[in-house]
Amino acid sequence: MSAIAAEPMAARVSASQAETAPVLEVSDLRIGFGQGPNLVAVVRDVSFAIMPGQSMGLVGESGAGKSITALGIMRLLPRGARQLAGTVRLAGRNLTAASERDMARLRGDVVGMIFQDPLTSLNPAFSVGRQLTDAIRAHRAVGTSAAMGIAADLLALVGITSPRARLASFPHELSGGMRQRVAIAIAVACEPKLLIADEPTTALDVTVQAQVIELLARLKEEINLSLLFISHNLDLVAEVCDVVSVMYAGAIVEANRVEAIFGMPRHPYTRELLRCVPRLTDGSGPLPAIPGEPPRMETLPPGCAFTPRCSQAHHRCRLPPPTVADADGRVCCWLAT
Amino acid sequence: MKPMSAPPLLRLRGVGKTYTLGGGPWARLLRRQVALAAVADVSLEIGKGEVLGLVGESGSGKSTLGRIVARLINASSGEIAYQGQDVTGLSGAALLPYRRKVQLVFQDTQSSLNPRKRVSRALQEALAARGVVASERAEEARALLGMVGLAPGVLARYPHELSGGQRQRVCIARGLAMRPELLVADEPVSALDVSLQGQVINLLMRLHEDLGLTMLFISHDLAVVRRICTRIAVMYAGRIVEVGPSDQLMRAPAHPYTQALIEAVPKGLAGRGHRHRFARPASVAGRMPSQGCPFQPRCPQATPVCAEVVPLSVAVTSDHYAACVLARPASPSADPDVIPAEMEEILDVPANDAAEQHARR
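In the order they appear, the protein sequences are chains A and B.
With the numbering used here, the residue at position 292 of the first sequence is 292, and numbering never jumps.
With the numbering used here, the residue at position 62 of the second sequence is 62, and numbering never jumps.
Keep in mind the hints are simulated off the structure, nothing from the lab.
Note that the Cβ used here is the ideal one computed from N, Cα and C, for glycine as well.
This list has only true hints and no planted wrong ones.
Among the chain B residues that face chain A by a calculated CB cut under 8 Å, a handful are: (1) 58; (2) 163; (3) 193; (4) 198; (5) 202; (6) 205; (7) 220; (8) 222; (9) 227; (10) 260; (11) 265; (12) 272.
All chains should be modelled from the sequences, with the hints used to inform the complete structure.
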């Protein structure tokens, strides 16, 4: 798949949005671990674009490279990982070339990020108010009391009752759903253009998950927030996102409008994955599963990485599959030709 | 209620587990200790060959109940009967036969396998515990792996060399080594990718059918539970608030909490733009009430009486019960006078019928 120069989707996301520039534009991003002969690329030539107010879902199995892609965009890659190629443009700025100081300002100002476990993204030693005002004052020239006022407004925005009283609370005093709301409040404190949410509801109960999802939908409308929503839960992505990119073995194998991905999936992996989702409306009986195991990135097969698990694999799948693009989306499969 | 021919495989009667919070010396001195009921007054039975689903949010007491069933922790109150025999007070050597019959599978396979032991050793130790002679263990271990669909090559591997799905299969194989009658599966597929969940679920179903294995399947995922369980019990705040046949409970949930749970499950494209009208989250509702229905602060249909009394279990149909003041018998033919049934009424669920139905399918 590496041989394919997938052009950015920006120009063909939708005709009405084509005039405006994307908030985030990722082109041919390649991220690897290790050095020399031990180098393993875990994100392989990923390209996508997110328009203002648009939410994009990034789905795939664990180990597909979703989180590393997000961390690569934020330039927060873990030790040992590095960007090998590609560019990331955030609100027109090339992040690959930005200095560390510029990056620190852009994180929070233009892009916020929330993670799966809100307890680890909040500092247990400081009150919610302190953490919120720190975030606000790092980016805006306001005094402590003014910042406290903004912090209380933010807590109200994310649906926390009696926000002024809650400013004095510490993270351990809050429930999981409340902590995630606080994390979201901090992430949107400086009115970023883009919020990257990495499995934001995976650790939460379904009833709380529904609340957090509603909050994200509301923020999208109220502050025109763009969203990069990373999740393994396909039904959730279908509810939240406008466009979806499906990742397998570090590469995007299919990208399209949400209705097309869920209504008319074209890549065998997408189709199989959707079949595996258990639904309340189903009866009982065996649950479909994709045979085999997710691939090891060190030993990817030649050509299409999905070949060993694909029911429609063909001998030509040993060659890199072509990317077939149309007005809305693209798919990376020989069957689409 | 029709009389039952045989006692159920497992019967819980009024089972509770209370933890004391604030165990430090100062808390004790100042009498600041608080009793927390992780499980309260649970009466439930599992018929032989049945797959009973136990659902609820985190903290509802599902796992605690599963561990009580496996006798990993002791109940503070109530009674556990296995095939009519009281096993509540058993300990030491007397408990071992029961321990063998009831096996557990956990969500976190990484921590339930010793990282320094190869798969062969993990399985052979279990076989040794059952009393299999040393010369036969290797052969049996291979057979066990075959039962869970793993190649013999896995025997020589360490847990970290296996994928999550493979590790869960090894855990199941280790449980099977004891030739259990009841398998308590606590979120067995929650840590697995959706593409692999089916592999483990289908394996469990095959074992259920081939070996007649009875299962208590604990999960937060309603869709998975619906798929494989004959009956479902819904837990909230340590209590069973609703229990009934899977199809009926999902189609016509009688308890507002069950309704909220079903409502909150993402519905895919159909759920786009849909506004949820469900229960307030626990964080907004505040503390658990000290009296009345535990769900009342979050309940969109709460009435004044809900703050006063803990609702008793009501028979919606002959095998579908809900502990809510709003629950009513589903059809007028049901006797309306039997409404204030006690929790014990759940004991009369003809679980064997449900198991038969499942077997027929």
